Amino acid sequence: MLSNGNESPLANNPEVAMELISALFYGPKRSARIVHQMMAATEVSEPTVYATLHELVARRLIDKEERSRRRVIYRLTDEGRKIMEKEHFVAIDRMLSGIRNPARRREILVELLMQDLLSELPAEMRGAVRKDLLRSTAAGEVEDLRKRLVRIASALFI
Numbered sequence: 001m002l003s004n005g006n007e008s009p010l011a012n013n014p015e016v017a018m019e020l021i022s023a024l025f026y027g028p029k030r031s032a033r034i035v036h037q038m039m040a041a042t043e044v045s046e047p048t049v050y051a052t053l054h055e056l057v058a059r060r061l062i063d064k065e066e067r068s069r070r071r072v073i074y075r076l077t078d079e080g081r082k083i084m085e086k087e088h089f090v091a092i093d094r095m096l097s098g099i100r101n102p103a104r105r106r107e108i109l110v111e112l113l114m115q116d117l118l119s120e121l122p123a124e125m126r127g128a129v130r131k132d133l134l135r136s137t138a139a140g141e142v143e144d145l146r147k148r149l150v151r152i153a154s155a156l157f158i
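Here the numbering used here is used: position 81 in the sequence shown is 81, and no number is missing along the way.
If you're looking for bench data, these hints aren't it; they were derived computationally from the structure.
This structure is a prediction, so every number in the text was calculated from the model and none was measured.
No false leads were slipped in.
Subject to a maximum C-alpha distance of 25 angstroms in a straight line, what follows is the list of computed DSS-like cross-link-like pairs (lysine-lysine):
| # | residue 1 | residue 2 |
| --- | --- | --- |
| 1 | K64 | K29 |
| 2 | K29 | K82 |
| 3 | K82 | K64 |
| 4 | K86 | K29 |
| 5 | K64 | K86 |
Whole structure, please, built from the sequences with the hints as guidance.
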């Protein structure tokens, strides 16, 4: 799964660690909020969540900022972000590899891309009309890219 040489950077509680990393992917969170969120998502105890947080800090996958004893903020490091992005793409690749129809694969890829783009937009820009416009634009861009890659591959192998 995730490796850092011979040892996984998430050795003790990989499921909890990935949940924590994914929860921090879109921005920093206070410790109390993330602990309650993880306890609900993973059904593990509070000490397990804190132990995993400390392990991720020690492995430099997340940073811990103590503003006061009760106000602790966790955020993803660049290394933690790389792991999350790698796992995200591995999961997408696994999912898409099971779909034989190339048109359906492209359709799903465009939808995933669109959801990712929409998540970065302000709420007022995520309406249905804009979503449809973004979907059609992204589908056209993916098709143009596919055609360019076919032309490049043809030129390289002729």
